[in-house]
Amino acid sequence: MNNNNLKRESILATANNLRWEVGENLHDTLMESIYENATSISAKVVIYPDKKPAFSLDRTLDKILTSKYLGFPIMFLILAVVFWLTIEGANVPSGLIANLLVDTLHPILKNFASSFMPWWLSGVLVDGAYLAMAWVISVMLPPMAIFFPVYTLLEDFGYLPRVAFNMDPLYKKVGAHGRQALTMAMGFGCNAAGVVATRVIDSPRERLIAIITNNFSLCNGRWPTQILIATIFIGGAAPAYLAGIASAGAVVFIAILGIAFSLIVSWGLSKSLLKGEASAFSLELPPYRPPRILQTLYTSLIDRTIFVLWRAIVFAIPAGMVIWLVANITIDGVSVANHFINWSNPVAFIFGLNGIILLAYIIAIPANEIVIPTVLMLTVANLALSGIGGDSGVMFELDSVTDTASILHAGGWTLLTGINLMIFSLLHNPCSTTIYTIYKETKSIKWTVISTFLPIVMGFTITFFITQIWRLIFS
Amino acid sequence: MTSADLNNCANCPVHNMGNLKKLGIDMSSFDFVVALAGNPNTGKSTVFNYLTGLRQHTGNWPGKTVTRAEGGFEFSEKKFKLVDLPGTYSLLSTSTDEEVARDFILFGQPDVTVIVVDATRVERNLNLVLQILEITNRAVLCLNLMDEAKRNGIQVDDRTLSKELGIPVIPTSARQGEGINELLSKIHDVATGKYICKPYRLKTNSSELNSAIEKLSNEIELEYPGLPNLRWVALRLLEGDQSIIDAIRTGDLGNLQKDLIPSEVDG
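Protein chains in written order, with the working numbering: chain A, 1 to 475; chain B, 476 to 742.
Cut-off 30 angstroms, straight-line C-alpha distance, at most; resulting in silico cross-link-like pairs (BS3-like, lysine-lysine):
| hint | chain 1 | residue 1 | chain 2 | residue 2 |
| --- | --- | --- | --- | --- |
| 1 | B | K554 | B | K638 |
| 2 | A | K44 | B | K673 |
| 3 | B | K690 | A | K7 |
| 4 | B | K625 | A | K44 |
| 5 | A | K44 | B | K678 |
| 6 | B | K669 | A | K44 |
| 7 | B | K625 | A | K63 |
| 8 | A | K44 | B | K638 |
Here are a few chain A residues that face chain B, going by a calculated C-beta distance under 7 angstroms:
| hint | residue |
| --- | --- |
| 9 | A15 |
| 10 | T29 |
| 11 | S33 |
Think of the hints as simulated: they come from the structure by calculation, not from any bench. Bear in mind the structure is a predicted one, so any value in this text is a computation, not a measurement. No residue lacks a Cβ here, since even glycine has one placed at the ideal position from N, Cα and C.
Produce the entire structure from the sequences given, and follow the hints as far as they go.
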């Protein structure tokens, strides 16, 4: 054994000596010979066309899609079309699923459970866990089943590297990696997926920046909140014929604001906690390929939609139980939820929000998509409104946006509350799945904590200023 | 019917097609391990999905396979385990994906390494091919994206390429499944030893380098006889590659055997 070690060390010693002989430019010599050999072989086997084709579709498309002036407008337009397709297309199936799971199945289950369970058990299980799950499925499944395939089709076609190409100079300027543009785009579907996707970034410094700022990409679970609030408050404030465009514009604005924040925060991080220069990377623009529609539908459904949905369901069930419990457990005749709401209302007022919104964001940590149902349920319970929705502490769905609007208005919501909620929905802690994923990817409590609290601090700061300025102007 | 006829039958793609059994992630007991390497965005994952029947997500952007994916298929009564490596432009730098790819080809000792090459960018892709051929003796070149090459009027002489490199070269269009059967039978031939590769070895102009490599490889061979990639190990030692230095020191280099295939799969 000892003998072996000696022999091995002598090999290494020989290598060390020889290293001096071959000189320092060994790597360059080697690379040069590889290139020379490759060139000479390829010269023997590849015949290129004599004339370049007069019209190359790939090059023409690239000129337009990555053009200095048209690149960004086209990107935003494509973004808007994808969202429009998602919003419009998801409406009807969402309603159908809600009809089945909430309107039809829920009373049946409730009746069945009440027949042999104590009221609190059927409440926790059926009104809490089951309804939360039903809500998440009906709210999430249809938009995801549209968004992910469309996104994957764009990916398959080859548009994503062009987005990265457009964004690269911006990310480089702020000291981040150009591929962060890709992980950011991924985050529009799901932040947890976006965080995992940062593995394509080699440098640990730039990867951390990409992980921390991924939350600024509005994820799928936050789109419904943005759309609903924009429709009620922004669309409601605009003249009727402009309502649709105004609310869609507001949502795209929030999305772009998110991109702007990801750039600003990346810049801040690379100047402070994560100092360093942007590393160079070569981004190859692959040829455009006609997307294979059926296969894409299949893979994006299996890989992304079902995967993300399952995760959401797993987290929504316990959250539903908590919602039911805080709305139904009473201390001195007042529910725990109301205690918290009354206590936090004065604080929330400073930020132009209200106690219900704060409580909803705490309960909804597992999944952003249950924020709006929680807000509505808590508002109804808090106001003890009668005649609308179900019993207190039961999450329900309202048949029309107008119903939702009337509840929120009754709850004292104004245009300011709406704007602040949209900002807060963009700037708050990532959902628990994303937090867990960040921990798994970084293996660091410090960076997980920073990723979690940085956006909340930003959210409160910005809503604070909006609120104070608003009140100065309008009062 | 003569025996020649029978042979023809066995060589016919239709017959082979019937032979391909997609095993997905059923990975119990394998006869051969096949690694799938290549530049980013050459269609490795498409080839992988086609062979295994798995639907690993493919995307038209470079660098989307970050970790190794594994699957299996059965062909000609032999079971193959297929490992999809991250796409890389070279094996000489120290980025994570290049290390994953290189370590697997070196330490995982696959029976066959399939190198997927973009037919429209042969020259640049050859840089990686030449590096892989320094490490392994058993490789098959899958000249993919032939449909795109045709569309762009690029012709590649696959027979000459095969003679030059000393390994089988199969033109394919994996998205359409074209050429996959020929690819399968060549993987089979190389794995079973029916086809003996005579891989191209790098020619360098630097005489100091050549003599240094020779000197060092002779010394390594004394300690580790029968190492298939002596020259390459010597080259890496000259460059001061830490993981190779460690492998020499611990003796891992000598234990390059089938049962040492790292089996952890990330993600």
